[in-house]
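Peer 1: Top line first, the protein sequences correspond to chains C and Z.
Take our numbering: the last position of the first sequence gets the number 123, and nothing is skipped along the way.
Take our numbering: the last position of the second sequence gets the number 112, and nothing is skipped along the way.
Hint data in this document are derived by calculation from the structure and do not stem from the laboratory.
Glycine is no exception: its CB is placed at the ideal position from the N, C-alpha and C atoms.
Some hints could be false.
[To be verified] Anything over 12 angstroms on all C-beta distances counts as not near chain C; from chain Z, calculated: (1) ASN12; (2) GLN14; (3) GLY16; (4) LYS17; (5) ASN24; (6) LEU48; (7) ARG61; (8) ASP67; (9) LEU74; (10) THR78.
[What the hints assert, rightly or not] Straight-line C-alpha distance at most 25 angstroms; calculated DSS-like pairs for lysine-lysine: (11) Z:LYS57 <-> Z:LYS3; (12) Z:LYS71 <-> Z:LYS59; (13) Z:LYS99 <-> C:LYS68; (14) Z:LYS55 <-> Z:LYS17; (15) C:LYS24 <-> Z:LYS99; (16) Z:LYS3 <-> Z:LYS71; (17) C:LYS78 <-> Z:LYS99; (18) Z:LYS99 <-> Z:LYS109; (19) Z:LYS17 <-> Z:LYS63.
[Unchecked claim] What follows is a set of in silico ranges between Cβ atoms, one per label pair, in the way DEER data are often shown: (20) Z:ALA83 <-> C:GLN17: 27 to 33 angstroms; (21) Z:THR18 <-> C:GLU18: 46 to 52 angstroms; (22) C:PRO84 <-> Z:GLY41: 19 to 25 angstroms.
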Amino acid sequence: DAGVIQSPRHEVTEMGQEVTLRCKPISGHNSLFWYRQTMMRGLELLIYFNNNVPIDDSGMPEDRFSAKMPNASFSTLKIQPSEPRDSAVYFCASSFFGTFARSRDFPYQETQYFGPGTRLLVL
Amino acid sequence: SQKIEQNSEALNIQEGKTATLTCNYTNYSPAYLQWYRQDPGRGPVFLLLIRENEKEKRKERLKVTFDTTLKQSLFHITASQPADSATYLCALVTGGGNKLTFGTGTQLKVEL
Chain C
1 DAGVIQSPRH EVTEMGQEVT LRCKPISGHN SLFWYRQTMM RGLELLIYFN
51 NNVPIDDSGM PEDRFSAKMP NASFSTLKIQ PSEPRDSAVY FCASSFFGTF
101 ARSRDFPYQE TQYFGPGTRL LVL
Chain Z
1 SQKIEQNSEA LNIQEGKTAT LTCNYTNYSP AYLQWYRQDP GRGPVFLLLI
51 RENEKEKRKE RLKVTFDTTL KQSLFHITAS QPADSATYLC ALVTGGGNKL
101 TFGTGTQLKV EL
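This is chain Z alone, in the form it adopts within the complex (with noise of 0.2 angstroms):
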């Protein structure tokens, strides 16, 4: 069956540290993967696209790779901040259509 996999877990670290959130599926074979954010009581917020053929995307403190072998994508905030907490959403897109499958989302918090 298809899967997309994050971390479940609540992700702590430390202001500055940098925050590495992981993205694996199973079964698909996304034309590209798009990484969202999500505040509570709000919807969630497109942050990033990265396509197949790329290996590395990068948007300011933001950078996403994508391991097609893996079947695996790095989400990484480098010099974290407290207003980077929230949570993470990984999504897919596969064949020729825009239909989005969301991973379960990891929760950030970022503390002083």
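Pulled out of the complex, with its shape left as it was, chain C reads as follows (with noise of 0.2 angstroms):
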């Protein structure tokens, strides 16, 4: 499998812009998680999926920001308009979840996996 595919590695936009990033996950996975990391902040959730559907996007900041996952394979979050603050790398996740996922015989446990994020600047 080739891991969590995240697109694109690297952007840069002008204030007010519309930003899309976009998310694979590994395949077989229900659950999947957006991140944003900073030097101040660390790695805070934004939001995340389990079997497509929000389960808590109560660390999204603010109705700029906006996720959806339409199928299982494939996951956006948008920001409209961004803004400088926005800066920073996002990253994707996802793992397995559910009763299976906790037992002490399942070899993955609920591990999330990364992708290799993209990194937004604002300008």
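Given two chains presented individually in distinct reference frames, assemble the corresponding complex, making use of the accompanying hints.
Peer 2: As structure tokens, this is what we get:
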């Protein structure tokens, strides 16, 4: 498997522009997470989906941020309009979720597999 | 409020020594705790998971302890090598969900 795939890897845009980040989770995983990482705030969870359904979006900074997961193999995170303070590295991660994943015999537990990240710079 | 604290300052140790990293938390009752490694320019990579009813877990040169009374986990790397230099993150999951909350990470530097 290729692992979690994110695109673009780097994005430079001007304030006010729309930014769309894309993620393809590992095939078979049923949970997907979007994180933002900065030096000041560390790794913050923005939103996560189980079985394509948003479960917790309490980390989404404001209405300028939105995320979708139209199917099990694709998710987007959109920022509109973008602002300089949105500059960060955005990670997507995927995992298994469910009672089977909590079983001591299950080899993968609920470990999260991260993509390489998208480095966003808003000027 | 809920907090997960890791050593904010970088930890520098000599090759061959044991590195010990600390993760303290407050106002959480984690079902389990995980440790991840992150190299510059890359996403975190899972290392170890320890459950609330486990005291210790080992994997090769890595050892994790979990004290739910002290609300603390210790992460040890024995016989450290320069290749172990990275940032190490602890993460907690609470309740029946699968949401992970990460600590801020500790940067480890292993010198020759």
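Peer 1: Determine for every hint whether it applies to the structure shown.
Peer 2: Status of the hints after comparison with the structure:
Remark: the non-interface label on ASN12 of chain Z is consistent with the geometry, its nearest Cβ contact in chain C lying 19 angstroms away (cut-off 12 angstroms). At roughly 27 angstroms from the closest C-beta of chain C, the C-beta of GLN14 of chain Z stays outside 12 angstroms, upholding its exclusion from the interface. No beta-carbon of chain C comes within 12 angstroms of the beta-carbon of GLY16 of chain Z; the shortest separation is about 29 angstroms. Every beta carbon of chain C lies more than 12 angstroms from that of LYS17 of chain Z, the smallest distance being close to 27 angstroms; the non-interface claim holds.
Distance check on ASN24 of chain Z: its Cβ is at least 15 angstroms (rounded) from any Cβ of chain C, clearing the 12 angstroms threshold; non-interface status holds. Not every CB of chain C is more than 12 angstroms from the CB of LEU48 of chain Z (nearest about 9 angstroms), against its label as outside the interface. Distance to chain C confirms ARG61 of chain Z as a non-interface residue, since its nearest Cβ pair spans about 19 angstroms, more than 12 angstroms. No beta-carbon of chain C comes within 12 angstroms of the beta-carbon of ASP67 of chain Z; the shortest separation is about 20 angstroms.
The beta carbon of LEU74 of chain Z is kept farther than 12 angstroms from every beta carbon of chain C, the shortest such distance being approximately 20 angstroms. Look at THR78 of chain Z: its CB is around 22 angstroms from the nearest CB on chain C, clear of 12 angstroms, so calling it non-interface holds up. Only pairs whose Cα atoms come within 25 angstroms are accepted, and LYS57 of chain Z paired with LYS3 of chain Z is accepted, the gap being roughly 23 angstroms. A C-alpha spacing of about 22 angstroms is found between LYS71 of chain Z and LYS59 of chain Z, which places the hinted pair at or below 25 angstroms, so the restraint holds.
A hinted pair counts as satisfied when its Cα atoms are at most 25 angstroms apart, and LYS99 of chain Z with LYS68 of chain C qualifies at roughly 18 angstroms. The straight-line distance between the Cα atoms of LYS55 of chain Z and LYS17 of chain Z is roughly 23 angstroms, inside the 25 angstroms bound, and the hint therefore holds. Between LYS24 of chain C and LYS99 of chain Z the alpha-carbon distance is near 19 angstroms, which keeps this suggested pair within the 25 angstroms criterion. Of the pairs offered as hints, the one joining LYS3 of chain Z and LYS71 of chain Z holds, with about 11 angstroms between alpha carbons and a cut-off of 25 angstroms not exceeded.
Of the pairs offered as hints, the one joining LYS78 of chain C and LYS99 of chain Z holds, with about 21 angstroms between alpha carbons and a cut-off of 25 angstroms not exceeded. The suggested pairing of LYS99 of chain Z with LYS109 of chain Z is violated, with an alpha-carbon distance near 30 angstroms, which exceeds 25 angstroms. Between the alpha carbons of LYS17 of chain Z and LYS63 of chain Z the distance comes to roughly 14 angstroms, so the proposed pair stays at or under 25 angstroms and holds. A beta carbon spacing of about 40 angstroms between ALA83 of chain Z and GLN17 of chain C contradicts the range 27 to 33 angstroms that was offered as a hint.
For the hinted restraint 46 to 52 angstroms between THR18 of chain Z and GLU18 of chain C, the CB-CB distance of approximately 50 angstroms keeps it satisfied. The hint said 19 to 25 angstroms for the Cβ distance between PRO84 of chain C and GLY41 of chain Z, and at roughly 22 angstroms that hint holds.
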